[in-house]
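J.: For reference, the chains in residue letters:
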Amino acid sequence: MLNVMIDGKKLEAKDGATILQACQANHIPIPTLCFHKDLMPFGACRLCVVEVKANGKWQVTSSCDALIKDKAEVRTNSDKVKESRKLAAELLYYKYPTTKAVRDMAESLGVEVAEGKAEGSDCILCGLCTRTCHEIVGVDALKFVDRGLGRNVAEPKIEYVADACIGCGSCAYVCPTGFVKMEASGDRRMIWDKSFKMVACGKCGRYFAPEDQLKWISKKTGVPMSVLTVCTSCK
Amino acid sequence: MSAVSFSSWNGKIVDNRTGKAAKAVDAGVPKMLGDKSFTALMGWNGMVIADAGANVPSLALAYLKEARKLSCGECSVCSIGIDKLTALLEGLIAGKGKKQDIAEIERIVKGVMELSKCNFGRASAVTPVFDAIRYYKDDFLTLIGGKKGATRPYKAAVTAPCLEACPAKLDIPGYIELIRNNKFGESLNLIRKRCILPGVIGRSCTHPCEEACVRNGIDKTLAIRLLKRSAADNDLAQGASALKKPTAERPEKVAIVGAGPAGLAAAYHLRRMGYQVTIFEAFPKGGGMAAVGIPDYRLPKGILEHEIKLIRELGADIQYNKRITKLDMDDLTTQGFKAIFLSVGAHEGTKIGCKGEDAGYEGFVDGAVFLRDLALGKTVEPKGKVVIVGGGNVAMDCARSCLRLGFKEVEILYRRTRKEMPARPEEIEEALEEGVKVRYLVAPVSVLVDGNKVKGAECIRMKLGAPDSSGRRRPIPVKGSEFKVKADMIIPATGQKPDLRFVKDLVPVTGWGTIEVNPETLRTNLENVFAGGDCVSGPATLIEALDAGNKVARSIDAYLQGRTFEPEVSFKGIDVKAQRAIGFVDACAQEKVNLLDPKARVKGFAEVEAPYSDAAAMKEANRCLRCYRLVVWG
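Chains V and D are the protein sequences, given in the same order. Residue numbering for the first sequence follows the working numbering, starting at 1 and increasing by one per position. Residue numbering for the second sequence follows the working numbering, starting at 236 and increasing by one per position.
This is chain V alone, in the form it adopts within the complex:
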């Protein structure tokens, strides 16, 4: 256990925890959009910023990807922190003014949000889907399109590799804005504009998983398809 000082209070933190995890464990609320407890931190939304004392100076840092150290001093509610979070939220709102998750976040951090319907469902590049696809599913069907020196990519975006996708729907589940759409009808599932054949449960007859996903699981685990074609409720 580490002894830390957060917002002037003496608290304990687990060795190896990030500042964000330490705060969460101590019930100190920190806003996040791109964080998920089961995924590697990404530091994209910049909403989780806090101040840490480093070399005798208070410095702003994202808390999701910075480890907390023994005797660390952290501020999560100073004016500087509030101002910084507000600016990050304000910029997100500037770019995605109609997306509900962004509007709600901006409003909660003191940004003046205009009246109007939250009908947008923009991709805010939080990287939750790319990380889920890589770290949890392991098929790497979603990747960032990089921008940079000599690469003519006008806007940052996420690329969908249809050949690699198994249609599991994890990305749609984890997406905070509703950008990733998944629809089911009969024996088909549509996701990212790709149509997947669904498998019906051998016992109850319910369409419960895409064939490609079951094949993938079978390949990974060595469990034969005949076993996998029974849904979890009937097992």
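It should be emphasised that the hints constitute simulated quantities derived from the structure, not laboratory data. Accuracy of the hints is not assured; some may be wrong.
[Said to hold, decoys possible] Below 30 Å or equal to it, Euclidean Cα-Cα: the simulated DSS-like pairs (lysine-lysine) are: (1) D:K827 to V:K37; (2) V:K143 to D:K854; (3) V:K57 to D:K345; (4) D:K334 to V:K86; (5) V:K157 to D:K345; (6) V:K219 to D:K854; (7) V:K143 to D:K428; (8) D:K345 to V:K82; (9) V:K86 to D:K331; (10) V:K143 to D:K304; (11) V:K143 to D:K479; (12) V:K80 to D:K334; (13) D:K382 to V:K95; (14) D:K333 to V:K86; (15) D:K319 to V:K86.
[What the hints assert, rightly or not] Which chain V residues face chain D? A few, computed with CB under 7 Å, are given here: (16) G43; (17) C45; (18) A54; (19) W58; (20) V60; (21) T61; (22) L87; (23) A88; (24) K95; (25) D140; (26) K143; (27) F144; (28) R147; (29) L149.
Beta carbons are placed, not taken as given, at the ideal position from N, Cα and C, and that holds for glycine.
We have chain V already, so just place chain D on it with the hints.
T.: Coordinates of chain D only, in the frame set by chain V:
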């Protein structure tokens, strides 16, 4: 050099606008880029206004637009911040601005510098705009109230500390980012643009980029070399991609003498442009020093062979065992060659100034020859004790190879101390781990023999004097300190030089025994003969040779097409490492590099260094701070 009107470079303010006596400008302040001077410049580290009449708001807008191209867009602050700043500035220049816009620009600029995820956002994306608003506020205020401003085009160039340190100027943050995002294939394509031997360089580069890495000041450098290797290894594991064919063929034939890194790089780029390329190679295999100088335990031959095979498949005709003993220009012209590139390397060992070294004693073998013989399949009988003379990479390679061949004792004699040793630090470390002994401050003075066979060396102790031209302290012999060292074999490995007899009286040679060329165009005194690599630079690194090959291809292309050769923008004279603030960066350990156990290593020539797994490579790539540096000028 005239003094500047204003400079905020490196955070140091020089302000001569009010007609005050001109203050001396810091040596690090850019006054020109390449050979060209400018009226105004904005860069990652500030702004420099040479001409007081420069249009600062227009330049600031141009800077933001260039910065937007480099912003990765993954964090919400940098790219959206730039978007909002651009909109505000465009409004002001269009005469639609309000007074509060200026305060708003200031607030967002500060936010981007403080909140951005990477070092581009923090240190480069908006820094000079911060200075412009602060020191040229009046220029922005005059735009309020309906008065329209002007805009004009500017030039832009990008570098990074690692990129700048790389002799071949690889887009290191770029290919690391692609690995981070799980795009190994695209990463390799980006690497190949300037490094056509990625698997080779990923294993054996001296990696000056890693010394320049900004992470050094925080925790430890990115493992840049190993990440390049990951991109190459991943491609091999995926079934090996081919090189992209030229879009159109050109009829002009180009001859290249020597299939080392310089020759191969030139051949690749010339083929990509569509030229017909023939390489004449003296040895039975290509790769130059990568083939006959770097032992298998550092670079398994299959890696090099694969990368050469790709260049051959692209259409470069490599003719092996074809040593050019005399360059016959008439013959080459008759054969239809329009341009010739000499890249013969430096394969001849230099003398160590030791009595008996020229006598041809049995057991006295030059280091370069020793490694070459070994690489070309000659069997070497291990003897009792071998003594290697020298402290460079070739000396280490000889010593470590000897251990693997089964020599009972391997000792290096070096005339200076470990601190001055030119070999890569990890190479020295690994050699010591394996059991190589090193005697410092010792040099041989004469070879001791029994009949015609080497039996040892008479040595003298040295002490260090004042630094010489290389910056290292010069070794001075200590009189009367002579002593004997037993040895069954002596391998001098102190340096190499090119064998230029084949171009005697044809091209001029420098005092160093290298070919003299124009450093920009790599052209010799003959208009269609170019030269590069070790035969011009003297023994240098593989990546420097690759750079010569990259460069000469552009130069030969310009010559063949009757264009003037345009060198790339140079950041020479600007400290690319310097930046004003980085903010808080959490320390993060480098991904572990696994090495074969020293005891297992010396049993054979198996590769010592294990690769990163793809997952480990992606994790390591995630440590990159993305320190792109942008300059915009006009």
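J.: Each hint should be assessed against the structure and marked as holding or not.
T.: Tested hints:
Proximity of D:K827 to V:K37 is assessed by CA-CA distance (about 25 Å); at most 30 Å being required, the pair is judged to hold. Under the criterion of a C-alpha separation no larger than 30 Å, the hint pairing V:K143 with D:K854 is consistent with the structure, at around 15 Å. A C-alpha spacing of about 17 Å is found between V:K57 and D:K345, which places the hinted pair at or below 30 Å, so the restraint holds. Annotation: proposed proximity of D:K334 to V:K86 holds, straight-line Cα distance about 22 Å (limit 30 Å).
With a C-alpha separation of about 26 Å, the suggested pair V:K157 and D:K345 falls inside the 30 Å cut-off, and the hint holds. Proposed proximity of V:K219 and D:K854 is supported: the alpha carbons are some 26 Å apart, at most 30 Å. Taking the CA atoms of V:K143 and D:K428, the gap is about 22 Å. The hint holds against a cut of 30 Å. Between D:K345 and V:K82 the alpha-carbon distance is near 15 Å, which keeps this suggested pair within the 30 Å criterion.
With a CA separation close to 26 Å, the supplied pair V:K86 and D:K331 stays within the 30 Å bound. Between V:K143 and D:K304 the CA atoms are separated by roughly 19 Å; this keeps the pair inside 30 Å, and the hint holds. Under the criterion of a C-alpha separation no larger than 30 Å, the hint pairing V:K143 with D:K479 is consistent with the structure, at around 23 Å. This hinted pair checks out: V:K80 and D:K334 have alpha carbons roughly 25 Å apart, not beyond 30 Å.
With a C-alpha separation of about 28 Å, the suggested pairing of D:K382 with V:K95 holds against the 30 Å cut-off. For the proposed pair D:K333 and V:K86, the alpha carbon gap of about 22 Å is at most 30 Å, so the pair holds. This hinted pair checks out: D:K319 and V:K86 have alpha carbons roughly 15 Å apart, not beyond 30 Å. Hint status for V:G43 relative to chain D: holds, with the closest Cβ pair at about 5 Å, below 7 Å.
Look at V:C45: its Cβ gets to within about 6 Å of chain D, closer than 7 Å, so that hint holds up. Restraint check, V:A54 versus chain D: the minimum CB separation of about 6 Å is within 7 Å; hint holds. This hint is violated: V:W58 has a C-beta 9 Å from the nearest C-beta of chain D, more than the 7 Å allowed. Checking V:V60 against chain D: minimum C-beta separation of about 5 Å stays under 7 Å; hint holds.
Hint on V:T61 holds. Least Cβ distance to chain D is approximately 4 Å, under the 7 Å limit. Taking 7 Å as the C-beta contact cut-off toward chain D, the hint placing V:L87 at the interface holds, the least distance being around 4 Å. For V:A88, the shortest C-beta to C-beta distance to chain D is roughly 6 Å, which falls under 7 Å, so the interface hint holds. About 5 Å separates the beta-carbon of V:K95 from the nearest beta-carbon of chain D, less than 7 Å, and the hint is met.
Using the Cβ-Cβ criterion of 7 Å, the hint placing V:D140 at the interface with chain D is satisfied: the shortest such distance is roughly 5 Å. A hinted interface residue such as V:K143 counts as satisfied when its beta carbon comes closer than 7 Å to some beta carbon of chain D; here the least separation is about 5 Å, so the hint holds. Proximity of V:F144 to chain D holds as hinted, the smallest CB-CB distance being about 5 Å (cut-off 7 Å). Interface restraint check for V:R147: the shortest CB-CB distance to chain D comes to about 5 Å, inside 7 Å, so the restraint holds.
The interface hint given for V:L149 holds, since its Cβ lies 5 Å from the closest Cβ of chain D, which is under the 7 Å cut-off.
This entry does not satisfy hint 19, going by the numbered hints stated previously; all others are met.
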